[in-house]
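K.L.:
Sequence:
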Amino acid sequence: MSDSLDVLFRPLSIGPMELKNRFVMAPMTRNKAPNGVPGQPNAEYYRRRGAGDVGLILSEGTVIDRPASRNEQHIPFFHGDAALTGWKGVIDAVHEAGGRMGPQLWHTGATRGQSGWEPDAEVESPSGLLAPGTPRGKAMSEEDIADTVAAFASAAANAKRLGFDMVELHGAHGYLIDEFFWPGTNERDDRYGGPTIKERSRFAGEVIAAVRKAVGPDYPLAIRLSQWKQQEYTARLAPTPDAMTDWLQPLVDAGANILHCSQRRFWEPEFPELDGENGLNFAGWAKKLTGAVTVSVGSVGLDGDFFSAFAGQSAQAAGLENLLERMARDEFDLIAVGRALLSDPDWVAKVRAGEKLESFEPSALAELL
1 MSDSLDVLFR
11 PLSIGPMELK
21 NRFVMAPMTR
31 NKAPNGVPGQ
41 PNAEYYRRRG
51 AGDVGLILSE
61 GTVIDRPASR
71 NEQHIPFFHG
81 DAALTGWKGV
91 IDAVHEAGGR
101 MGPQLWHTGA
111 TRGQSGWEPD
121 AEVESPSGLL
131 APGTPRGKAM
141 SEEDIADTVA
151 AFASAAANAK
161 RLGFDMVELH
171 GAHGYLIDEF
181 FWPGTNERDD
191 RYGGPTIKER
201 SRFAGEVIAA
211 VRKAVGPDYP
221 LAIRLSQWKQ
231 QEYTARLAPT
241 PDAMTDWLQP
251 LVDAGANILH
261 CSQRRFWEPE
271 FPELDGENGL
281 NFAGWAKKLT
291 GAVTVSVGSV
301 GLDGDFFSAF
311 AGQSAQAAGL
321 ENLLERMARD
331 EFDLIAVGRA
341 LLSDPDWVAK
351 VRAGEKLESF
361 EPSALAELL
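Reminder that position 73 of the sequence shown reads as 73 in full-length UniProt numbering, one-by-one numbering, no gaps.
It is worth saying that the hints were derived from the structure and are not from the lab.
The model shown is predicted, which means the values in this text are computed figures rather than measured ones.
Certain hints may be false.
The calculated lysine-lysine pairs, modelled on DSSO-like cross-linking and capped at a C-alpha distance of 27 Å, are [stated by the list, open to error]:
id : residue 1 : residue 2
1  : Lys356    : Lys20
2  : Lys288    : Lys20
3  : Lys32     : Lys160
4  : Lys160    : Lys213
Build out the structure end to end from the sequences listed, making use of the hints.
P.N.:
So this is what it looks like as structure tokens:
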């Protein structure tokens with residue numbers, strides 16, 4: 001292993017969780033859990049990444065116990081005896097392979113899936129909006145909100161009970177928690193709405209606080225966040241560092257100690273007008289402003305962003321020079337890898353060994369490799 005790669009293979013401790021390197025498997029929806037129950041193929045899929053030297057595996061989004069909390073038929077549940085028994089098999093397999101793993105807890109809100117499948121219940125969101133000016137489903141009552149907060153906490157408690165090493169909340173990409181952040185989908189006039197990002201962060205803060213209470217003070221708790229939305233790629237919740245502090249600090253104060261900062265391309269600066277074209281990215285600013293552990297993500301090791309995969313386009317392997325530079329200056333703490341690990345469960349081990357890295361082929365989306 002060359003000296004330059006050493007920065008990627010430093011250990012990191014977050015509370016009781018000890019990671020052997022800085023690589024994270026990014027959550028990627030697979031929609032391959034029949035009836036919401038993960039089975040042996042799912043366990044083997046994650047086990048292979050643990051055996052392939054991934055430091056931390058984050059599961060695909062797995063949904064909480066709320067009506068219409070998923071937007072595709074075979075997204076896994078994180079509730080109910082059958083699904084939780086399946087997840088116990090997953091974490092046991094990952095641990096046997098020497099890996100660490102956390103489930104990503106999810107509620108898809110008013111979003112639609114790609115297949116056209118519809119849930120039996122009416123979808124719910126802050127204001128009954130899929131996007132600005134686009135109604136879909138119902139606006140959540142305060143009782144709905146309280147029940148949803150409790151469902152997140154219950155799922156997190158089950159994650160700890162089953163032996164997962166940490167837990168992540170999905171608060172990005174236009175799904176339910178993010179729909180509260182975004183003024184385009186949160187038009188509420190009660191305490192869960194308001195003109196400022198700090199006011200609209202109340203729901204996320206309540207979810208985090210409830211989860212923190214359920215799992216205890218030391219258990220690692222992440223939340224995934226993004227400026228962009230699948231409904232509007234150019235959306236920006238925080239156009240300035242001050243606004244970003246108003247958004248993120250309440251989440252850290254509520255109990256999140258890991259911020260997973262999603263970008264389409266990790267090397268793009270968040271505020272280039274302040275620190276230039278090679279300036280801090282989203283995760284870099286989040287770490288600077290809050291002091292939390294941060295995870296960066298976005299097109300790592302490939303020459304095209306993930307939207308190209310959904311259009312059936314392949315992506316070629318790309319160098320890691322920019323990543324190495326940013327990790328060497330401790331801009332962020334961890335780097336999440338998506339499609340490269342989808343195609344090749346041994347990608348991290350190959351990086352360490354200096355072996356040739358494979359391109360990404362969209363056919364990998366069709367099966368659990």
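K.L.:
Against the earlier hints, flag every one the structure doesn't satisfy and list their numbers going up.
P.N.:
Violated hints: none at all, because every hint is consistent with the structure.
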